[in-house]
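S.K.: Could you build all of it, start to finish, from the sequences and the hints given here?
Read off the chains here:
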Amino acid sequence: KNQVEQSPQSLIILEGKNCTLQCNYTVSPFSNLRWYKQDTGRGPVSLTIMTFSENTKSNGRYTATLDADTKQSSLHITASQLSDSASYICVVRSNNAGNMLTFGGGTRLMVKP
Amino acid sequence: DTEVTQTPKHLVMGMTNKKSLKCEQHMGHRAMYWYKQKAKKPPELMFVYSYEKLSINESVPSRFSPECPNSSLLNLHLHALQPEDSALYLCASSPRGTGVYGYTFGSGTRLTVV
Numbered sequence: 001k002n003q004v005e006q007s008p009q010s011l012i013i014l015e016g017k018n019c020t021l022q023c024n025y026t027v028s029p030f031s032n033l034r035w036y037k038q039d040t041g042r043g044p045v046s047l048t049i050m051t052f053s054e055n056t057k058s059n060g061r062y063t064a065t066l067d068a069d070t071k072q073s074s075l076h077i078t079a080s081q082l083s084d085s086a087s088y089i090c091v092v093r094s095n096n097a098g099n100m101l102t103f104g105g106g107t108r109l110m111v112k113p
Numbered sequence: 001d002t003e004v005t006q007t008p009k010h011l012v013m014g015m016t017n018k019k020s021l022k023c024e025q026h027m028g029h030r031a032m033y034w035y036k037q038k039a040k041k042p043p044e045l046m047f048v049y050s051y052e053k054l055s056i057n058e059s060v061p062s063r064f065s066p067e068c069p070n071s072s073l074l075n076l077h078l079h080a081l082q083p084e085d086s087a088l089y090l091c092a093s094s095p096r097g098t099g100v101y102g103y104t105f106g107s108g109t110r111l112t113v114v
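Order-wise, the sequence lines are chains A and B. Counting in the numbering used here, the first sequence runs from 1 upward without gaps. Counting in the numbering used here, the second sequence runs from 1 upward without gaps.
There could be a bad hint or two in this list.
To be verified - Computed cross-link-like contacts, PhoX-like style, restricted to lysine-lysine with a CA-CA straight-line distance of at most 20 Å:
id, chain 1, residue 1, chain 2, residue 2
1, A, Lys37, B, Lys36
2, A, Lys37, B, Lys19
3, A, Lys1, B, Lys41
4, B, Lys40, B, Lys9
5, B, Lys9, A, Lys37
What the hints assert, rightly or not - Label pairs and their calculated CB-CB ranges:
id, chain 1, residue 1, chain 2, residue 2, range
6, B, Leu54, A, Lys1, 23 to 31 Å
7, B, Thr2, A, Lys57, 38 to 46 Å
8, A, Gln22, B, Lys38, 17 to 25 Å
9, A, Glu54, B, Ile56, 40 to 48 Å
10, B, Thr2, A, Thr78, 20 to 28 Å
11, B, Ser55, A, Pro29, 16 to 24 Å
12, B, Gly28, A, Pro29, 24 to 32 Å
13, B, Gly28, A, Asn55, 25 to 33 Å
Said to hold, decoys possible - For the chain A half of the interface with chain B, some residues (derived, Cβ under 8 Å), not all of them:
id, residue
14, Ile13
15, Arg34
16, Gly41
17, Ala86
18, Ile89
19, Met100
20, Phe103
21, Gly104
22, Gly106
The hints are simulated quantities; they were obtained by calculation from the structure and are not laboratory data. We put the beta carbon where it would ideally sit given N, CA and C, even for glycine.
M.R.: Quick look at the structure:
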């Protein structure tokens, strides 16, 4: 069964600090992995998308890594801001006939002043 | 235009009401999706339309009825809902049904059934 596990479930950090969110998956065959940011009551917004051959991808203060061998990804947030408070969702797409997405449970990040 | 627009943003309806959620995109995407999201849970797929044809129905109760009038519009008709159907309903689109090039999500409709 395809699964995506994220850790931690929730995280509180001080403004200006860095943090790293983890994503482990068992989706097969793998196509790509996306990190989304979702503010409460709003739709998810894509941060990065990574394919099998990509190890690192950055988008401003967000840097995602992918290790396709160990089936792990991380999202590193640098110099956090209050506006980074949100849920961060790891989503993995498989190359099967349905081409569907498997969502992780998300990490709820709170940045405090 | 790189957005998926959902209306209304908020909806409160009684269990005997009939209402519709609307979703629109003008990116030329040929696949559109409805997701349901409960608080603190990931989105759950409900329906997929690919090239204006319903391709996936994830065993959704018949009180939810999707409609795709054309390649830019996706509706979700609601009738005789239950309080447990209260959730954030998200629409998404992708260039093709394979979703290879990424999904764009709308901001969602917050539905409350009373």
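S.K.: Now tell me if each hint is right for this structure.
M.R.: Structure-based check of each hint:
1. A hinted pair counts as satisfied when its Cα atoms are at most 20 Å apart, and A:Lys37 with B:Lys36 qualifies at roughly 17 Å.
2. Restraint check for A:Lys37 and B:Lys19: the C-alpha separation of about 29 Å exceeds 20 Å, so the hint is violated.
3. A distance of roughly 19 Å separates the Cα atoms of A:Lys1 and B:Lys41; the hinted pair therefore holds under the 20 Å criterion.
4. Of the pairs offered as hints, the one joining B:Lys40 and B:Lys9 holds, with about 19 Å between alpha carbons and a cut-off of 20 Å not exceeded.
5. This hinted pair checks out: B:Lys9 and A:Lys37 have alpha carbons roughly 19 Å apart, not beyond 20 Å.
6. Distance hint check for B:Leu54 and A:Lys1: the Cβ-Cβ separation is about 25 Å, which falls inside the suggested range of 23 to 31 Å.
7. As the Cβ distance of B:Thr2 to A:Lys57 is approximately 19 Å, the hint placing it in 38 to 46 Å is violated.
8. The beta-carbon spacing between A:Gln22 and B:Lys38, approximately 23 Å, falls within the hinted interval of 17 to 25 Å.
9. Distance hint for A:Glu54 and B:Ile56: a CB-CB separation of about 28 Å, inconsistent with the stated range 40 to 48 Å.
10. Between B:Thr2 and A:Thr78 the C-beta distance comes to about 26 Å, which sits within the given range of 20 to 28 Å.
11. Distance hint for B:Ser55 and A:Pro29: a CB-CB separation of about 20 Å, consistent with the stated range 16 to 24 Å.
12. Separation of B:Gly28 from A:Pro29 is about 28 Å and conforms to the stated range, judged on CB atoms against 24 to 32 Å.
13. The given range of 25 to 33 Å is respected by B:Gly28 and A:Asn55, whose C-beta atoms sit roughly 31 Å from each other.
14. Annotation: interface hint on A:Ile13 violated; nearest CB of chain B at approximately 19 Å, more than 8 Å.
15. Interface restraint check for A:Arg34: the shortest CB-CB distance to chain B comes to about 7 Å, inside 8 Å, so the restraint holds.
16. Given the 8 Å rule on beta carbons, the hint for A:Gly41 holds: about 6 Å separates it from the nearest Cβ of chain B.
17. A distance limit of 8 Å between C-beta atoms decides the matter here; for A:Ala86 the minimum to chain B is near 13 Å, and the interface restraint is violated.
18. The restraint placing A:Ile89 at the interface with chain B holds, with a minimum CB-CB distance near 6 Å, inside the 8 Å limit.
19. Taking 8 Å as the C-beta cut-off, the interface hint given for A:Met100 holds, the closest approach to chain B being about 7 Å.
20. With a cut of 8 Å, the hint placing A:Phe103 at the interface with chain B holds, because the nearest CB-to-CB distance is about 4 Å.
21. With its C-beta approaching chain B no nearer than about 7 Å, A:Gly104 sits inside the 8 Å limit, and its interface hint holds.
22. For the restraint placing A:Gly106 at the interface with chain B, the shortest Cβ-Cβ distance is roughly 6 Å, inside the 8 Å limit, so the hint holds.
In this structure, the earlier hints numbered 2, 7, 9, 14 and 17 are contradicted, and the remaining ones agree with it.
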